[in-house]
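Chemist: Sequence:
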Amino acid sequence: MMLVTSAGHKVLDENGEPILIEGNIKDIKISENGLLIVDTEEYGEKSFGIGIVSVKKPQFLDRLGGNLLGLPKNFNALGVTEDDILTALTGDSRNQAAVRQGTLESSNVDLSKEMTDLINVQRSYQFQSRAVTMADQMSGLVNGIR
1 MMLVTSAGHK VLDENGEPIL IEGNIKDIKI SENGLLIVDT EEYGEKSFGI GIVSVKKPQF
61 LDRLGGNLLG LPKNFNALGV TEDDILTALT GDSRNQAAVR QGTLESSNVD LSKEMTDLIN
121 VQRSYQFQSR AVTMADQMSG LVNGIR
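Residue numbers (my numbering): 1 to 146.
FYI, nobody ran anything at the bench for these hints, they're computed from the structure.
Please read all numbers here as calculations on a predicted model, not as lab measurements.
Careful, some of the hints might be misleading.
When the alpha-carbon atoms are kept at most 25 Å apart in a straight line, the in silico DSS-like pairs for lysine-lysine are as follows [as the list claims (entries may be wrong)]: (1) 26 - 46; (2) 113 - 73; (3) 26 - 56; (4) 29 - 10; (5) 46 - 57.
Quick list of the computed label-pair ranges, beta carbon to beta carbon [claimed, not checked]: (6) 132 - 13: 24 to 32 Å; (7) 81 - 139: 26 to 34 Å; (8) 4 - 73: 18 to 26 Å.
Just so it is clear, CB atoms sit at the ideal spot from N, CA and C, and this is done for glycine as well.
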């Protein structure tokens, strides 16, 4: 059985190969360093390193839709290679990332600060709009006096 996401995309191991699980699964665990541990009835425990990459140049990634990003097909035209854009984290470099089972990632946005900034920008826009309107009215008065 091939491990896939809820959208049906293959989950790759640290070598870029699809993760294949044989047997009836009893339990699945994910360690913090990205190790998938599968316990099956027939074969016991087997571990797979989930593929983790570090993106060095995100501006070269293509949006594929559905919260997915991919590598461009025209590396030569862009003057970059796959190694310039991302690095696969293997071995000791996997300690740079952490994987947590059963948690949701937050957006790293302080909502109260962003709402305060939004209100300040909106008020600033209103004041600037009023200043332009007043300047226009004063220009009309000056032209009417002439």
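Chemist: Give a verdict on every hint.
Modeler: Consistency of the hints with the structure:
1. 26 - 46: Since the Cα atoms of residue 26 and residue 46 sit roughly 12 Å apart, the hinted pair holds (cutoff 25 Å).
2. 113 - 73: violated, 40 Å
3. 26 - 56: Distance of about 38 Å is beyond 25 Å: violated.
4. 29 - 10: holds, 18 Å
5. 46 - 57: violated, 34 Å
6. 132 - 13: 24 to 32 Å: About 60 Å separates the Cβ atoms of residue 132 and residue 13, which means 24 to 32 Å is violated.
7. 81 - 139: 26 to 34 Å: Given about 58 Å between the Cβ atoms, the range is violated.
8. 4 - 73: 18 to 26 Å: holds, 23 Å
This entry does not satisfy hints 2, 3, 5, 6, 7, going by the numbered hints stated previously.
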